[in-house]
Amino acid sequence: MPGLLKPLDIDGILDDRQTQIIICCGSGGVGKTTTAAALALRAAERGRAVCVLTIDPARRLAQSMGLTQLDNSPRRVPGVGDESGGALFAMMLDMKRTFDEIVEQHADPERAAAILANPFYQSLSSSFAGTQEYMAMEKLGQLRAEIDQDHGTRPWDLIVVDTPPSRSALDFLDAPQRLGSFLDGRFIKILLAPAKVGGKAYLKVFTAGLGAVTGVLSKVLGAQVLTDLQTFVAAIDSTFGGFRERADQTYALLQAPGTEFLVVAAPEPDALREAAYFVERLAEDSMPLAGLVLNRVSRTPAPDLSAERALGGAELLDESGDNPLTAGLLRLHAERMQRITRERHLVRGFTSAFPAVRVAEASALDSDVHDLDGLRAIGASLAEGQPTTLGSPTSLG
Amino acid sequence: MPPSRRSTAGGASDWEGVRLHVVSGKGGTGKTTVAGALALALASGGGRVLLLEVEGRQGIAQLFDTPPLPYEERRIAIAPDGGEVFALAVDAEEALLEYLDLFYHLGRAGRVLKKIGAIEFATTIAPGLRDVLLTGKAYEAAGRRRAGRTEYDAIVLDAPPTGRITRFLNVNHEVAGLARVGPIRTQSDSIMRLIRSPRTAVHLVTLLEEMPTQETIDGVDELTAADLPVGGVFVNMVRRPPLRPTDLIRAGKDELDPAEVTRGLKAAGLHPDESLVVALLGEAAGASERVAMEKRERKALAKLNRPTYELPWIPEGIDLGALHELAGALRQAGAA
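Note that the protein sequences, when read in sequence, are chains Z and W.
Residue numbers for the first sequence follow our numbering, beginning at 1 and rising by one.
Residue numbers for the second sequence follow our numbering, beginning at 1 and rising by one.
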């Protein structure tokens with residue numbers, strides 16, 4: 001059969017001690033957080049010491065992992081991995097706190113206090129979209145640093161990361177570099193210029209230009225905003241001198257051996273389109289793609305009864321008026337078969353474009369996942385279920 | 001406010017007087033589809049509606065099967081009885097340059113800002129400003145006048161998902177906190193006045209599943225706390241299993257009679273082997289479980305006490321025909 005899906009060996013990745021970081025990315029609403037949690041749980045129960053970093057888990061999913069509060073540090077999930085010798089730690093990202101901690105770490109107390117009180121800092125750290133991406137990467141760097149500590153005491157050897165549902169798919173990849181290049185950029189130098197400009201003649205033209213720019217900014221923003229902004233930029237510039245370096249380190253970490261990206265999608269047009277974009281972007285940035293995780297794949301225990309035959313049968317029964325129960329069952333089955341056909345068609349669109357990408361599938365469930373058993377079932381489905389979207393469907397109803 | 005161009009033949013809308021319809025919802029619930037259907041529904045009967053996209057995904061172009069939208073208002077669909085839907089994919093950088101030129105006549109200085117990276121700073125490093133520009137564009141379009149009347153009868157904004165919507169809409173309030181005086185302050189105050197007024201409605205799209213429902217409930221709380229006008233709840237992809245209600249209930253309790261199904265399969269000309277019977281009963285049990293879940297979620301949503309509209313699940317997928325079908329359902333239910 002042409003274009004048969006290449007299965008993604010989930011357990012192989014989880015069991016490989018070389019795997020230190022697994023990053024789950026994908027568009028919103030495809031089950032990214034659930035996938036991250038399910039993989040982390042499975043790895044822990046197979047003997048790994050795992051830390052899962054979630055961004056914004058559904059309440060009951062968070063509760064199932066014992067995450068009742070957002071305290072920005074990993075907590076051990078009780079009882080998990082007792083038999084296998086593994087362990088599961090879970091945490092939710094608190095982006096403001098993560099940002100505050102960086103400031104406190106890098107600035108002397110007086111300067112830190114000034115930054116924390118600056119209105120620009122407060123908006124940037126708590127309410128502006130985009131900060132979440134920066135902070136998720138920052139936190140990942142911190143969690144990863146703990147792996148490098150003394151081997152005897154390190155709490156985990158695998159980190160599974162859920163990524164924020166970014167407006168632009170890979171904001172989280174771009175974020176550290178953007179922040180880095182921004183802090184080294186011309187615009188910052190111009191904002192800082194009034195304090196730095198010397199009397200050299202050749203600078204005159206340049207400073208005249210600067211004057212025009214600050215004039216414009218002042219006109220647009222208002223003088224007081226500009227002053228606040230300049231204060232903020234000056235404080236953050238002197239504090240994060242090495243920010244670009246840090247950003248480069250985080251970026252290199254993502255490309256390093258031991259990191260695996262999983263693109264998560266559902267068999268729906270939008271999700272697959274985003275997935276295609278992710279796969280291309282990861283390749284462009286030389287990021288290691290392990291494969292595609294396809295959630296919510298429809299399956300049937302009766303793949304040999306086609307939609308057409310089921311509908312034909314239902315019509316026959318309608319004519320006689322006998323047995324409306326069976327007519328209903330046949331229609332229900334026909335709907336399921338039509339859905340499976342449609343999903344296969346959509347997935348084929350993806351796999352034809354990316355034939356080398358390996359795929360793992362989890363079947364659609366009839367209810368939500370909100371306990372460890374549910375996560376276990378998803379993990380097992382991903383690890384054991386052979387991709388069916390292009391082959392003949394197996395009986396996994 | 002000028003009278004609507006549209007006839008009210010379809011009956012009164014629940015949102016008479018609303019100019020800015022903000023459509024949010026959890027990712028994966030079909031936010032863009034609902035925004036598109038709502039725009040069509042609002043336009044039908046002769047209205048002019050602008051559908052705005054702000055996340056750079058080109059979701060509207062895909063939905064209406066047109067080439068990617070440039071930064072330019074284009075007509076993308078005709079609604080019944082002379083209505084028109086226009087669409088615009090808002091680009092933050094372009095919007096900023098346009099805004100600078102419009103309000104400050106910056107021209108060349110605007111280009112200088114772009115050159116030194118200030119525009120990039122404004123739209124990426126300080127992503128809050130991006131939201132200011134995007135909401136600013138919606139505000140501008142909502143108030144724009146042409147030939148003595150407002151250019152559009154309604155603006156439909158395909159907005160960021162529920163998790164970010166309050167922050168997105170409230171960004172001008174944030175800015176107002178940063179800029180205590182000055183032109184930006186004036187602008188953001190006007191935007192907040194529109195967004196907080198009865199001329200705006202923030203609709204939430206959900207599915208009858210636990211996470212989207214919970215997110216909708218949380219979203220309504222957050223919007224209310226932030227003093228933002230909560231609109232309707234749009235329940236998308238509602239399925240109606242083809243089983244009789246009594247059969248569904250019995251399927252959930254494992255009370256369906258395999259012998260009856262065996263007889264039925266024979267009568268239908270199908271080979272009634274036991275595994276097929278078990279498979280069909282298993283599918284029915286799954287459907288029953290799902291319906292029970294939907295019932296729970298519907299109950300939870302009802303507690304919100306908001307106008308609620310159900311949109312049918314369209315198994316063939318969403319194309320223009322399906323969009324018109326959904327728009328018709330919305331009109332029927334009074335959403336437009």
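Just so you know, not all the hints are guaranteed correct.
So the derived label-pair ranges between C-beta atoms look like this [claimed, not checked]: (1) Z/Asp9 - W/Pro183: 27 to 35 Å; (2) W/Asp221 - Z/Ala234: 53 to 61 Å; (3) W/Thr66 - Z/Pro324: 25 to 33 Å; (4) Z/Glu280 - W/Glu93: 47 to 55 Å.
To be clear about the criterion: a stretch of chain Z counts as covered by chain W if any three or more of its residues have a C-beta under 8 Å from a C-beta of chain W, and this derived list gives those stretches [claimed, not checked]: (5) 20-27; (6) 259-272; (7) 279-286; (8) 367-375.
Some, not all, of what chain Z presents toward chain W, calculated at C-beta under 10 Å [claimed, not checked]: (9) Arg17; (10) Leu61; (11) His106; (12) Leu289; (13) Leu305.
These are computed hints drawn from the structure, not numbers from a lab.
In this text, a Cβ means the ideal position worked out from N, Cα and C, and glycines have one as well.
Hint by hint, here is what the structure shows:
{"no.": "1", "hint": "Z/Asp9 - W/Pro183: 27 to 35 Å", "in the structure": "violated (59 Å)"}
{"no.": "2", "hint": "W/Asp221 - Z/Ala234: 53 to 61 Å", "in the structure": "violated (39 Å)"}
{"no.": "3", "hint": "W/Thr66 - Z/Pro324: 25 to 33 Å", "in the structure": "violated (44 Å)"}
{"no.": "4", "hint": "Z/Glu280 - W/Glu93: 47 to 55 Å", "in the structure": "violated (23 Å)"}
{"no.": "5", "hint": "20-27", "in the structure": "violated (count 1)"}
{"no.": "6", "hint": "259-272", "in the structure": "holds (count 5)"}
{"no.": "7", "hint": "279-286", "in the structure": "violated (count 0)"}
{"no.": "8", "hint": "367-375", "in the structure": "holds (count 3)"}
{"no.": "9", "hint": "Arg17", "in the structure": "violated (34 Å)"}
{"no.": "10", "hint": "Leu61", "in the structure": "holds (8 Å)"}
{"no.": "11", "hint": "His106", "in the structure": "violated (18 Å)"}
{"no.": "12", "hint": "Leu289", "in the structure": "violated (21 Å)"}
{"no.": "13", "hint": "Leu305", "in the structure": "holds (7 Å)"}
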